[in-house]
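Asks: If you want the building blocks of each chain, they are given just below.
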Amino acid sequence: MDESAPSQSQRKNSMDESAPSQPQRRSSMDEPVLKVKDLVVSFGTEGGKKHLRAVDGVSFEVKPGSTLGIVGESGCGKSVTALGIISLLPRPSGYIEQGSVLLKASNGMKTPNGMKALNGMKTSNGIKAPNGMKTPNGMKTSNGIKAPNGMKTSNGMKTSNENSGYIELMNLDSQGMRAIRGKRISMIFQEPMTALNPVHRIKKQMNEVHGLHRPSMGVREMTAKSLELLDQVGIATPENVIECYPHQLSGGMRQRVMIAMALASEPDILIADEPTTALDVTVQAQILDLIRNLQKSKNMSVILITHDLGVIAENCNDAVVMYGGRVAERARVETLFKNPSHPYTRGLLHSIPARAPSPGTILPAIPGMVPSLEEMPKGCRFAPRCSHVGDICHKISPEEIAIKGDHGHFAACHLHAGETGTGTV
Amino acid sequence: MNLDSSVLELNGVKKYFPVHGGIFLGRKEDVRAVDGVSLVIRKGETLGLVGESGCGKSTLGRCIAGLYKLTDGTIKLHGEDISRLKSGELKALRLRMQMIFQDPFESLNSRHTVEEILQEKYIIHKLPQKKDGIDEISALLQKVGLPENARGKFPHEFSGGQRQRIGIARAISLDPEIIICDEPVSALDVSVQSQILNLLLALQKEMGLTCLLISHDLSVVRHLSDHIAVMYLGKIVETGRAESIYENPLHPYTQALISAIPIPDPEVKRNRIILKGDIPSPRNPPPGCRFHTRCPHAMDICRKQEPILGEFPGKYPGIKSDEDEKHEAHMAACHLLFNLHVDKKRKYI
Chain A
0 MDESAPSQSQ
10 RKNSMDESAP
20 SQPQRRSSMD
30 EPVLKVKDLV
40 VSFGTEGGKK
50 HLRAVDGVSF
60 EVKPGSTLGI
70 VGESGCGKSV
80 TALGIISLLP
90 RPSGYIEQGS
100 VLLKASNGMK
110 TPNGMKALNG
120 MKTSNGIKAP
130 NGMKTPNGMK
140 TSNGIKAPNG
150 MKTSNGMKTS
160 NENSGYIELM
170 NLDSQGMRAI
180 RGKRISMIFQ
190 EPMTALNPVH
200 RIKKQMNEVH
210 GLHRPSMGVR
220 EMTAKSLELL
230 DQVGIATPEN
240 VIECYPHQLS
250 GGMRQRVMIA
260 MALASEPDIL
270 IADEPTTALD
280 VTVQAQILDL
290 IRNLQKSKNM
300 SVILITHDLG
310 VIAENCNDAV
320 VMYGGRVAER
330 ARVETLFKNP
340 SHPYTRGLLH
350 SIPARAPSPG
360 TILPAIPGMV
370 PSLEEMPKGC
380 RFAPRCSHVG
390 DICHKISPEE
400 IAIKGDHGHF
410 AACHLHAGET
420 GTGTV
Chain B
0 MNLDSSVLEL
10 NGVKKYFPVH
20 GGIFLGRKED
30 VRAVDGVSLV
40 IRKGETLGLV
50 GESGCGKSTL
60 GRCIAGLYKL
70 TDGTIKLHGE
80 DISRLKSGEL
90 KALRLRMQMI
100 FQDPFESLNS
110 RHTVEEILQE
120 KYIIHKLPQK
130 KDGIDEISAL
140 LQKVGLPENA
150 RGKFPHEFSG
160 GQRQRIGIAR
170 AISLDPEIII
180 CDEPVSALDV
190 SVQSQILNLL
200 LALQKEMGLT
210 CLLISHDLSV
220 VRHLSDHIAV
230 MYLGKIVETG
240 RAESIYENPL
250 HPYTQALISA
260 IPIPDPEVKR
270 NRIILKGDIP
280 SPRNPPPGCR
290 FHTRCPHAMD
300 ICRKQEPILG
310 EFPGKYPGIK
320 SDEDEKHEAH
330 MAACHLLFNL
340 HVDKKRKYI
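Chains as they are written, first to last, in numbering that gives the first Met the number 0: chain A, 0 to 424; chain B, 0 to 348.
For reference, chain A alone in the conformation it holds in the complex (with noise of 0.2 Å):
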């Protein structure tokens, strides 16, 4: 694994310049497991000539233990954030231009207290261009997609101090990176018939998952395993399913095969892209109800992507909200509801008809739609449809401001700006 030894001589030293409450006093377990920065991802279309940014500079962080979801409508990059954090872009069109992901060293190399510093996180990452010589994820050099601008890779980032104690994502190889996907990071897909295998059995599946992370396991113990795991995640005749072919399955019981190979490895962090968005809204609860409880037992971080803001205010800790490959809002759950600033974020919860005062009154609807990637918006991306759009909007795309009185409560608007809320989420 690449990983840099954390050292304790690096000690925090400077103070945050958005002053959380308790600087010096986090704790490992607050510490994020994972930390998204600035990250950028650009897909090449016309033979390499046009470059689209469908995410564009996402930055969130993930607690240990909790839920992050990730809510936005379809084309806003939440699935693409997703990708891009355990490099499963399509290749060779998609790759990250820039940002880092950092992900918390393993118990095993964790240093005892936490040391993270909170600052100059700006300064910390390179721009990483998809044919430098640190390819995230094997891409190819010859596919002749250039990178728009700068091609340094930084390597000196992993021992900068705010990062020890983490694992830069950015700066492994294919190789480095399989050891982290699936085992530290794993993810479930939408559609689990298209994720599984039809040809194959659940069993030979789910072996084979085993076999890639521990290779000295044999078949027997493998099966054991698997039989265990499907018991975990709820199938009431585990032996019957891991005889089965994915079409016999129901589309609940697939998706709980995917979870459990998902958690073959016992991961820090489990992606789930629309997890129940192809299932019943009965089944949806069972899977849902799955999830968070594995997440108890084994004390797993969840990112949660979905379109459905009532999954994110019955299953998140925090909430993202994306719109046009840009993050508009993030806060607290409860602070994301109560006090949307965004006006994104309100329009989409003044639409739904359960928030509607009464049934069959005319829901106050957002006026047009998302606009494709090329065709974005010069300043700020929700300028076209926005109720309370000003000049500036049209020509400066608005930073993340933190909103006042909230704690880690950011919305990036111009209606905001000026405010200083207490940063840090």
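The hints are all genuine.
Label pairs and their calculated CB-CB ranges:
#: 1; chain 1: A; residue 1: Gly367; chain 2: B; residue 2: Ser185; range: 17 to 27 Å
#: 2; chain 1: B; residue 1: Ile307; chain 2: A; residue 2: Glu220; range: 47 to 57 Å
#: 3; chain 1: B; residue 1: Ile22; chain 2: A; residue 2: Lys297; range: 46 to 56 Å
#: 4; chain 1: A; residue 1: Glu333; chain 2: B; residue 2: Ser185; range: 24 to 34 Å
#: 5; chain 1: A; residue 1: Gly367; chain 2: B; residue 2: Ser86; range: 34 to 44 Å
#: 6; chain 1: B; residue 1: Lys275; chain 2: A; residue 2: Pro197; range: 23 to 33 Å
#: 7; chain 1: A; residue 1: Pro197; chain 2: B; residue 2: Phe104; range: 24 to 34 Å
#: 8; chain 1: A; residue 1: Thr276; chain 2: B; residue 2: Glu246; range: 23 to 33 Å
#: 9; chain 1: A; residue 1: Asn239; chain 2: B; residue 2: Ala138; range: 51 to 61 Å
#: 10; chain 1: B; residue 1: Ser109; chain 2: A; residue 2: Glu45; range: 17 to 27 Å
#: 11; chain 1: B; residue 1: Ser37; chain 2: A; residue 2: Ser371; range: 44 to 54 Å
#: 12; chain 1: A; residue 1: Ser386; chain 2: B; residue 2: Leu84; range: 42 to 52 Å
Note that these hints are calculated values from the structure, not bench results.
Glycine included, every Cβ here is placed at the ideal spot set by N, Cα and C.
Using the hints, position chain B against chain A.
Replies: Frame of chain A; chain B shown alone:
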């Protein structure tokens, strides 16, 4: 039943799909998609038909629209049986009844422009495309909120929400009496979904449409419907006024269904009923009550005897006459209701 107000009356509607198999590919068994449904939809009303995938709600919608031949039962439109029409008579029926489909991409011909798609109906029914000198198609586009220049474009040039608007324009073009909406917004994004819901509400009010709304999304159904019918494995398990069903669901399935909708408000906590297992196959529905395999309250009788829709005693607001009372009654098909005291104060939403 009062014939003046009931537009559509379904009586014991059954639709079985034969499954062929075996050595000689003979008829092996039936998939009982719709298995004895009786319903009434009154003028200007919206009936929401809710259920999970495979419960037969779409099949029922298609039976009503005359797209499927019934296995048994009758469907009456203003007292006239429309379930066994010949193709010529069906054409006349389609002037009065139209359908909006879930996937606006699949249901629009991709080789036709919007103008051609909308004109087709006028050509088929030999109706003039101009009324009082105004082009009907322009009027339609305006009605559904599409720009005039949409006429010459092809469906792929539009977003999902706009395509659904084209689908709606096509459905309302000949001033139908009844519209069957099969999952009209489930393929759309949240912000666009509300636009389409608003459009449907406005059109219904303006044109006095009678609607059958088929959806799995209970919050959508609640928003648009006056009455609700809950389906499970081809049968109606509960019907009643929308607010009465939401505030006091009687059938354990309805209770679980309502409790399973995630509420977009983190401060509302509710005791969720989590059902075990999946919906059984309609090929081989369980004996007795079809829900007993997943029901948390299943008793011995549920495994043997099939419950019938029974009226739940109680007073409902807005009841004027006996006819009304019959129509407004909250009915559920569950043995529990007749054997046990139902806690009326228990609310699930």
